[in-house]
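Take these sequences, add in the hints, and give me the full structure.
Chains as they are written, first to last, in our numbering: chain X, 1 to 118; chain B, 1 to 111.
Think of the hints as simulated: they come from the structure by calculation, not from any bench. Mixed in with the good hints, there may be bad ones.
[Unchecked claim] Label pairs and their in silico Cβ distance ranges:
#1 B:GLN3 to X:GLU87: 22 to 30 Å
#2 X:LYS55 to B:HIS74: 39 to 47 Å
#3 B:LYS63 to X:HIS7: 32 to 40 Å
#4 B:ALA10 to X:THR80: 31 to 39 Å
#5 B:PRO80 to X:LYS20: 35 to 43 Å
#6 X:ILE12 to B:THR76: 39 to 47 Å
#7 X:THR57 to B:GLY41: 26 to 34 Å
#8 X:ASP27 to B:THR67: 29 to 37 Å
#9 B:ASP39 to X:GLN60: 27 to 35 Å
#10 B:ASP39 to X:LEU116: 16 to 24 Å
Backbone N, C-alpha and C fix where the C-beta goes; we use that ideal spot for every residue, glycine too.
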Amino acid sequence: GAVVSQHPSWVICKSGTSVKIECRSLDFQATTMFWYRQFPKQSLMLMATSNEGSKATYEQGVEKDKFLINHASLTLSTLTVTSAHPEDSSFYICSAPSPRTSGLQTQYFGPGTRLLVL
Amino acid sequence: EDQVTQSPEALRLQEGESSSLNCSYTVSGLRGLFWYRQDPGKGPEFLFTLYSAGEEKEKERLKATLTKKESFLHITAPKPEDSATYLCAVQTSGGSYIPTFGRGTSLIVHP
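Okay, structure coming up:
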């Protein structure tokens, strides 16, 4: 299957700092990528859709000025958590739809980034 | 509103004890249903896609089935390495191809 990577895999930062998370599709191009947030024992919560060449689309309740998304190329999307606070601590996961050949596009997920804000 | 409900929330099995996980859905029009496996601290790993009622797919000890209202993930003679959270997601024909996820079933298989 298609491979999606994330970097870093975990990060600890002080309150008030900004953190950038990268999501890369390694063996395919993705004009769209998705960013999710997952709390312990909870399901994936979609935060935003990252679109190459245009602005990201944010889900209701997600602050676009706090979670900056940039889809720099067909293989890279970044999520920047600005002025992070302890409540931003979570597991952030990106996904990219597989190249469309036939049928549905499967979402392939990155390994996730654990963020801890002190 | 599209809804995906997974049950049970948690399941403990003895090694070799077969069982099934359930994913029931209420959607306007189903384009496809996905099953994923998620290990602690990792992203979901794709398992299956099911498109229409009556379809079945198998992979090792796992078999996924689909009806018009629900999907089952059957685990035959599970092993401890099958322990994980299993997520179900649906994609509807409403236009958006963003899947809606259930909350998952946490499976623990004891040796």
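We went through each hint and held it up to the structure:
no.: 1; hint: B:GLN3 to X:GLU87: 22 to 30 Å; in the structure: holds (27 Å)
no.: 2; hint: X:LYS55 to B:HIS74: 39 to 47 Å; in the structure: holds (43 Å)
no.: 3; hint: B:LYS63 to X:HIS7: 32 to 40 Å; in the structure: holds (35 Å)
no.: 4; hint: B:ALA10 to X:THR80: 31 to 39 Å; in the structure: holds (35 Å)
no.: 5; hint: B:PRO80 to X:LYS20: 35 to 43 Å; in the structure: holds (37 Å)
no.: 6; hint: X:ILE12 to B:THR76: 39 to 47 Å; in the structure: holds (42 Å)
no.: 7; hint: X:THR57 to B:GLY41: 26 to 34 Å; in the structure: holds (28 Å)
no.: 8; hint: X:ASP27 to B:THR67: 29 to 37 Å; in the structure: holds (35 Å)
no.: 9; hint: B:ASP39 to X:GLN60: 27 to 35 Å; in the structure: holds (30 Å)
no.: 10; hint: B:ASP39 to X:LEU116: 16 to 24 Å; in the structure: holds (20 Å)
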